[in-house]
Amino acid sequence: MKGTRARDIIFITLIIFAITILAIPTLLGALSSIPPIDLRTIAINYLNNTYNPFNQTLWTSSPEAVAAIVWDYRGLDTLFETVVFYSAIVAALALYREILGEKDILKGKGLSVIVQRATAVSMVGILVVGFATILHGQLTPGGGFQGGAIAAVTSVIAIVVFSRLIIDKSRLSYKRLLLIRNAALVGIALIAIIPIIPFMFGDHTFLSFIFQNQVKAVNSFSYPQIIVDVPMGGSIWFYNLFEGLAVITAFSLAIIVVFYSEELSRKTIEGGEIGF
Amino acid sequence: MGSEIQIAMYMTVILSLYINISICMYGVISKPNLIKKLISLTILQDSINMFLILIGYRLWRPGIVLQPPVLLDWSPTSEVLKQFLERAVDPLPQALVLTAIVIGLAVNIFLITVILHTYRHFGTVDMDEIGRLKRVVIVEETA
Amino acid sequence: MNMDVELINWIVIIIGQILITIGVFCDFVAALLMIRFPNFYIRLHALTIGSIGGAVVPAVGAALIAIGSPFLGTFRWFLAGGALVVALFIFILGGAGSHAIARATYRAKIVEYRPCYIDQLAEDIGEDGC
Amino acid sequence: MESWVINFLTIAMFFYIASFLLYIVRLLKGPTISDMVLAIDALGYDLAAFLIILSILFRNPILIPCSIVLTLWIYALDIYVAKYLEAKEMSE
Amino acid sequence: MRRLLRALPIILFSFLLYLLYSGSIRIYDIVTGIVVSIIIGIVMAPIVIENWRKSLDLYRFFYLIKYIIVYFFIYEVKSHLNVIRIGLSPSMSIRPGIVRVPIRSRSGYALTLVSLSITNTPGTIVIDVDEGKNVLYVNWIYVTTVKPEEVYREVAENFDANAQKIFD
Amino acid sequence: MLELADLIFIMLGISALLSVPATILAVISRDLLKALIFSALQSTMYTLMFFLLMAPDIVLVYIAVSIGFMSLLIILIIKKVGRYERY
Chain A
1 MKGTRARDII FITLIIFAIT ILAIPTLLGA LSSIPPIDLR TIAINYLNNT
51 YNPFNQTLWT SSPEAVAAIV WDYRGLDTLF ETVVFYSAIV AALALYREIL
101 GEKDILKGKG LSVIVQRATA VSMVGILVVG FATILHGQLT PGGGFQGGAI
151 AAVTSVIAIV VFSRLIIDKS RLSYKRLLLI RNAALVGIAL IAIIPIIPFM
201 FGDHTFLSFI FQNQVKAVNS FSYPQIIVDV PMGGSIWFYN LFEGLAVITA
251 FSLAIIVVFY SEELSRKTIE GGEIGF
Chain B
1 MGSEIQIAMY MTVILSLYIN ISICMYGVIS KPNLIKKLIS LTILQDSINM
51 FLILIGYRLW RPGIVLQPPV LLDWSPTSEV LKQFLERAVD PLPQALVLTA
101 IVIGLAVNIF LITVILHTYR HFGTVDMDEI GRLKRVVIVE ETA
Chain C
1 MNMDVELINW IVIIIGQILI TIGVFCDFVA ALLMIRFPNF YIRLHALTIG
51 SIGGAVVPAV GAALIAIGSP FLGTFRWFLA GGALVVALFI FILGGAGSHA
101 IARATYRAKI VEYRPCYIDQ LAEDIGEDGC
Chain D
1 MESWVINFLT IAMFFYIASF LLYIVRLLKG PTISDMVLAI DALGYDLAAF
51 LIILSILFRN PILIPCSIVL TLWIYALDIY VAKYLEAKEM SE
Chain E
1 MRRLLRALPI ILFSFLLYLL YSGSIRIYDI VTGIVVSIII GIVMAPIVIE
51 NWRKSLDLYR FFYLIKYIIV YFFIYEVKSH LNVIRIGLSP SMSIRPGIVR
101 VPIRSRSGYA LTLVSLSITN TPGTIVIDVD EGKNVLYVNW IYVTTVKPEE
151 VYREVAENFD ANAQKIFD
Chain F
1 MLELADLIFI MLGISALLSV PATILAVISR DLLKALIFSA LQSTMYTLMF
51 FLLMAPDIVL VYIAVSIGFM SLLIILIIKK VGRYERY
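Keeping their order, the protein sequence lines are chains A, B, C, D, E and F.
The first sequence finishes on residue 276 if you use this note's numbering, and the numbering steps up by one all the way, no holes.
The second sequence finishes on residue 143 if you use this note's numbering, and the numbering steps up by one all the way, no holes.
The third sequence finishes on residue 130 if you use this note's numbering, and the numbering steps up by one all the way, no holes.
The fourth sequence finishes on residue 92 if you use this note's numbering, and the numbering steps up by one all the way, no holes.
The fifth sequence finishes on residue 168 if you use this note's numbering, and the numbering steps up by one all the way, no holes.
The sixth sequence finishes on residue 87 if you use this note's numbering, and the numbering steps up by one all the way, no holes.
Okay, chain A solo, but in the shape it has when bound:
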């Protein structure tokens, strides 16, 4: 107990020291003028070109600058971040590989009937809001990550309120979720590759690059700019849709796995001796 107190005192001193160290350069203006009066040049470029019909070689045809940066200007970046995201989920699933897809032995009954019915109605609402966020991702704030994170909480609430039996009762079994997730990942890859397919099959006059969206100075390939009667953002719409499906299913899988009952989960560390 005495040792902890000494440790705490050392840490508090260090914290005050760290705050001072950080605060001095801030006050001296290391982060440029505070708060910034004008935008940085790169931000001006992005904002100016995102939806600029007068300069169609640089635009993305999506009025929302954040979605445009995520999926067009820095699209390759986001692709690799998606890979990191998948690796983390796959790693989490792999720790449970002994019991994946097994039926649980719990016989729960969930919360009271009032909560169950109110949640059932609101789950429909959550899904609608999530999908609307995904599908309007290029027009209003939203997109694949946001809508997916919103809609994925449906499965969480369902498991909490209705108990784990809802997984067997609903139509979304473990294998189907896995299938949708992989299909969505393939979809992202496909949309990214489509612009360079003619080049791959020998048409060397057709210069284009991976993750291309709208027409560029060197080539004439372009995803559609308008869907029915609203701006579409070309490939951004597809990426939003696929990423949304991927996020929903990946998080649902992870949650289903983490929610296995303790008795079943202990199977995963059986076999190895209980040691270190």
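Treat the hints as calculated values from the structure; they're not laboratory data.
Honestly, I wouldn't trust all of these hints.
[To be verified] Listed below are several chain D residues computed to face chain F (Cβ distance under 8 Å; list not exhaustive): (1) I11; (2) L43; (3) L51; (4) L77; (5) E92.
[Claimed, not checked] Cross-link-like lysine-lysine pairs, in silico, DSBU-like; alpha carbons within 35 Å at most: (6) B:K31 with D:K29; (7) C:K109 with E:K147; (8) A:K107 with B:K82; (9) A:K107 with F:K80.
This one's a predicted model, so the numbers in the text were calculated from it and none came from an experiment.
From the three backbone atoms N, C-alpha and C, an ideal C-beta is built for every residue, glycine too.
For this one, chain A is given, so just place chains B, C, D, E and F on it according to the hints.
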């Protein structure tokens, strides 16, 4: 006069974010309980994300209301675009933070499964306790 | 024609402002009562005032104000629809949430039911009431 | 019309902030977990209404989805704690 | 096809919500709304729907709308004023208790509507529900009576009658 | 006379200041469930700040992640592991 209040408040925000970051670092390093470490880690992530967003903000000019970087007019004239440029905030930090948050969640899920396995293995999540258990076993093996 | 639209806008805005005034009052009172009431089971009523009077009513009021304000542009319908959805969700979820937390607290016996005039639930479960 | 609406909502804002502070006092004081959850509930629902008013003040209608999402997740916190207090295992 | 018909009320509800949330009736919104609501309907039907025939009855919707108007303009106002008066008075005369309220509604949604109506009027909170005996346990801020019939009349009668008309 | 901009900045400052005690209590309290609720308060304050900083995209994803997912996962793990820190 108004601008001074704004600058003072902005400094307050930055300072409190520094305080939050340091406290969370204290929590991550010093607290022996793994769950407490996890809670501190999430707050640390949030604070750093907040810092990034804060740098993308800008001062309000008189007569202008800032807006998020979303264009609402779908057949803009050059006048509309110029106005948009005057009012919108920086979209780049937002795009970076967006992916960072989701990936942070995925990594946190992985950490949680690891913590659960640690608990099933050792019967505790206290790092001091786990270290003591390991030392005991090593002493038994060598003796 | 133009005058008529203007008049309707004004009427809608005034109704919305009345609703928001009610909402602000309820909200402030709910916060005061949240401090003032003695224990958990009585504070639940303050939560209801806060969520219905303090959130649903001003949400509807804000939707009306948005409908009547042309300076918000065509996207004001988006705002109004969103505000109505918020009102609907708070109405369904606020009640269900406070019921869930009250039931769990009662069953886990975290807070004693005191002061107490009559407790028929305890009688039916088979414990001695107050 | 615009300035009338804006002024009215600016005045309403002060009352909202005051009640938020009172709720936070209850949250920090709350003797039990249930009281704290109650306070954060009320805080969340009123914040949702407040965000709508703010998005009118900013003249930016597209800020509204934030409010919906806040409503939904505050409820989620509610039922998580209820489930924790009620069941032996979370997936039960 | 039959699966689609069973899911029809959810499809209608979610389509309406989608349009309300989008705040516009462009063709894009309508088309995507139809697709999304059909998918959601098929996925959610086994969880949400209790009896799909009842939910397509137009009279019930009419009653629901009438009930919502009456509820918000009369019961809410009355009970808000009551609780605010109790809370702000200096002596704060409260007499809290949990009373047994037997109700006549049977189906799950009717029970939910009654409970939500009771909970959302300040002064009364449903603490527990016994489905077998159809009894609600209500936490009441100022208990005026403990006789079952009078309690039913004070707390639940209006809500119960309407809920029976709407959902049962 | 306060303008709207000043009010916005003052609200930013207040919510940032309020997030500091929430963080401190979340880190030092020994009851992990209370720590979770304090961190939910901190998340709510950060949400308000993100909103005032005009980042609706971040708000959408941040609330879902920090209140919807993380609080559940931490409650789940508290349920399995035990509610109180040892010291």
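Quick rundown of the hints versus the structure:
The closest approach between the C-beta of D:I11 and any C-beta of chain F is roughly 11 Å, which is over the 8 Å cut-off, so the hint fails. Checking D:L43 against chain F: minimum C-beta separation of about 6 Å stays under 8 Å; hint holds. Satisfaction of the interface hint for D:L51 is found here, the shortest Cβ-Cβ separation to chain F being roughly 6 Å, below the 8 Å cut-off. For D:L77, the interface hint holds, since its Cβ comes within 8 Å of a Cβ in chain F; the closest pair sits about 6 Å apart.
For D:E92, the interface hint is violated, since its Cβ never comes within 8 Å of a Cβ in chain F; the closest pair sits about 10 Å apart. The straight-line distance between the Cα atoms of B:K31 and D:K29 is roughly 24 Å, inside the 35 Å bound, and the hint therefore holds. For the given pair, C:K109 sits about 27 Å from E:K147 by alpha-carbon distance, which is consistent with the 35 Å threshold. With a C-alpha separation of about 62 Å, the suggested pair A:K107 and B:K82 falls outside the 35 Å cut-off, and the hint is violated.
Simply put, A:K107 and F:K80 have alpha-carbon atoms about 18 Å apart, close enough for the 35 Å limit, and the pair holds.
The structure fails hints 1, 5, 8 (numbered hints given earlier, in ascending order).
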